[in-house]
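Engineer: Order-wise, the sequence lines are chains L and V.
Counting with the working numbering, you get residues 1 to 298 for the letters of the first sequence.
Counting with the working numbering, you get residues 1001 to 1298 for the letters of the second sequence.
Because the hints were derived from the structure by calculation, they are not lab data.
Some hints could be false.
[What the hints assert, rightly or not] Label pairs and their in silico Cβ distance ranges:
(1) L:Pro32 x V:Tyr1181: 39 to 47 Å
(2) L:Thr193 x V:Gly1289: 24 to 32 Å
(3) L:Asp75 x V:Arg1288: 35 to 43 Å
(4) V:Lys1144 x L:Arg254: 46 to 54 Å
(5) V:Leu1030 x L:Glu114: 54 to 62 Å
(6) V:Arg1288 x L:Ser237: 14 to 22 Å
(7) V:Asp1246 x L:Gly225: 27 to 35 Å
(8) L:Thr193 x V:Arg1288: 30 to 38 Å
(9) V:Gly1289 x L:Asp19: 22 to 30 Å
(10) L:Gly289 x V:Arg1077: 29 to 37 Å
(11) L:Arg254 x V:Asp1246: 18 to 26 Å
[To be verified] Looking from chain L toward chain V, a few residues come up when the C-beta cut is under 10 Å (computed):
(12) Pro182
(13) Pro269
(14) Arg295
All C-beta atoms in this analysis are idealised placements derived from N, C-alpha and C, irrespective of residue type, glycine included.
2 protein chains.
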Amino acid sequence: MVGRLVECVPNISEGRRRDVIDAVVGAVRLTPGARVLNVQSDESHNRSVITFAGEGEAVAQAALALVERAVELIDLRDHRGEHPRVGAVDVIPFVPLGETAIEECVGLARRLGEQIWATLRLPVYLYAAAAAAAHRVRLPDIRKGEFEGLAEKMLQDGWAPDFGDPHPHPSAGAVVVGARYPLIAYNINLQTTDVMIARAVARAVRESSGGLAHVQAMGVTAASGLAQVTINILDASKTPMARVFDLVRVEANRHGVEVAESEVVGLVPLDAIVDAARAHLRMHGFDRGQILEFRLLE
Amino acid sequence: MVGRLVECVPNISEGRRRDVIDAVVGAVRLTPGARVLNVQSDESHNRSVITFAGEGEAVAQAALALVERAVELIDLRDHRGEHPRVGAVDVIPFVPLGETAIEECVGLARRLGEQIWATLRLPVYLYAAAAAAAHRVRLPDIRKGEFEGLAEKMLQDGWAPDFGDPHPHPSAGAVVVGARYPLIAYNINLQTTDVMIARAVARAVRESSGGLAHVQAMGVTAASGLAQVTINILDASKTPMARVFDLVRVEANRHGVEVAESEVVGLVPLDAIVDAARAHLRMHGFDRGQILEFRLLE
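Isolated chain L, as found in the complex (with noise of 0.2 Å):
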């Protein structure tokens, strides 16, 4: 149904400032063939989430565009938010949909990583399946120390960039560069402003602490002041959505707190919608099949 389409799915270092947000991605509707799919902003965060499709080409060169714009406007040495980043774009996955291989997609970020460094002097790390070394897949462990700490980690053994020298671009940065399968950016707020619980939550249900394989979570404070616990699911058909939610709300109720409501950040699969669907009403053999739009577009 969706071809040979790549999705790439920058996250910029800007989540309030909306003439800034617009014209990064304004760099993207500009290139021929990249279509935008969804942009979401968050102001705590103070991130933004942008996701485009296309022909690979296509896709990869619209990045570039968004890259250049990006560097041009968010300085990080002004920049104050909940999440994580390592540069004014903090990361940038290329995603196989439909026939495409997760190789196409590595080849693309190894292509946009050599272009960067080469146009923009931008340092890049290549991490998940476009990773060069086994330590360098997980995006927490190359975002470890941020942008305030990048100078310093830069020189350390076996993190210098795969792409420039090792010396962090004095405004924006780094930039991470992969290929991943899609993963589902998920939000859980919890009734509480207490973000030391979702922290303690986050710990029980990420897997690098003993959770749900596939999870990586961290505890946030939202923009409405609510503790948060903030999650990738990287592969939702092996742990499904309901059961990140179902396991969070277990934790927060020991400490006497409820879930408030849960957000995807972004798009999602339609499969993991289905999964959520069959977990509540135990809809064992539930069948996408049997979804009246899906029957009529076949």
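Chain L is already provided as a structure; the job is to place chain V on it using the hints.
Structural biologist: Chain V in isolation, oriented as in the chain L frame:
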């Protein structure tokens, strides 16, 4: 997305003999312009739900062909099943999709009713939006007494058929034809073999005995031997599946019984699935525009 289409969802009184079901569905497949979307047979109900769609006239023609085959192959005098029925074809609803108006479906129902009597000498009741009187709107009211009580019922005040003489067809009984908005046919199986509990739960959750608006329900025994609450949700945009499921669970719990699982019979609109996911995940702000596959299709 779906243009001026009409959906038709005949329920035939055969859920066991595969050759008969195939022959009846085949009559639809052979009609140009009618597309079969789904066939779902239930052995314990001894009933199949066939869903097809197309432009109004093609769909009506396919429905007539289906009734012809069903009358030929299904004899109600030998028919036993858990689900009430008045004939070889129990009910034929026409459902407007996309931009289609309900009035168009009412017109199709009336013309089909006329033709069924004229060509097959099978008496027809009109129901739902096509009903000729208020007491004949609800399907359960028309069905009351079933095939076995039909000869007597047809002679009662207010219960003559809309088309045809007030005498059932000897083997095929009568058929109920009408127009309605999309409904969800939904079964919830309980973790018990005691059908009395399913009946008590059905009474508690259905509109007619003080339960949820837009909900019809009855208690039967499923093919697995489990007690089942079999439900029609007439307007899932007002009474979502998750609310029905949750209330069935609470009512079953009063009897010390859990819900084993649930199933949608036939097709379900995407919004119903999104609503169920939203309910479980408390994802109040989620919009179906965030589903990747839909953004790509726009």
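Engineer: Please go over all the hints and tell whether each is borne out by the structure.
Structural biologist: Consistency of the hints with the structure:
A hinted range of 39 to 47 Å holds for the C-beta pair Pro32 of chain L and Tyr1181 of chain V, which are about 43 Å apart. Distance hint for Thr193 of chain L and Gly1289 of chain V: a CB-CB separation of about 31 Å, consistent with the stated range 24 to 32 Å. The hint said 35 to 43 Å for the Cβ distance between Asp75 of chain L and Arg1288 of chain V, and at roughly 37 Å that hint holds. Separated by about 53 Å at the C-beta atoms, Lys1144 of chain V and Arg254 of chain L satisfy the suggested range of 46 to 54 Å.
In this structure the supplied range 54 to 62 Å holds for Leu1030 of chain V paired with Glu114 of chain L, their Cβ-Cβ distance being about 60 Å. Range check, Arg1288 of chain V to Ser237 of chain L: Cβ separation about 20 Å, and the 14 to 22 Å hint holds. Taking 27 to 35 Å as the suggested C-beta distance range, the pair Asp1246 of chain V and Gly225 of chain L conforms, at roughly 30 Å. Look at Thr193 of chain L against Arg1288 of chain V: about 31 Å separates their beta carbons, and that is inside 30 to 38 Å.
Between Gly1289 of chain V and Asp19 of chain L, the C-beta spacing of about 24 Å keeps the proposed range 22 to 30 Å intact. Hint check: Gly289 of chain L to Arg1077 of chain V, Cβ distance near 36 Å, so the stated range 29 to 37 Å holds. With their beta carbons about 24 Å apart, Arg254 of chain L and Asp1246 of chain V fall inside the hinted range of 18 to 26 Å. A cut of 10 Å between beta carbons decides the hint on Pro182 of chain L: the least distance to chain V is about 7 Å, and the hint holds.
Here the hint on Pro269 of chain L is kept, as its CB sits about 5 Å from the closest CB of chain V, short of 10 Å. Hint status for Arg295 of chain L: holds, given a least beta-carbon distance of 4 Å to chain V, under 10 Å.
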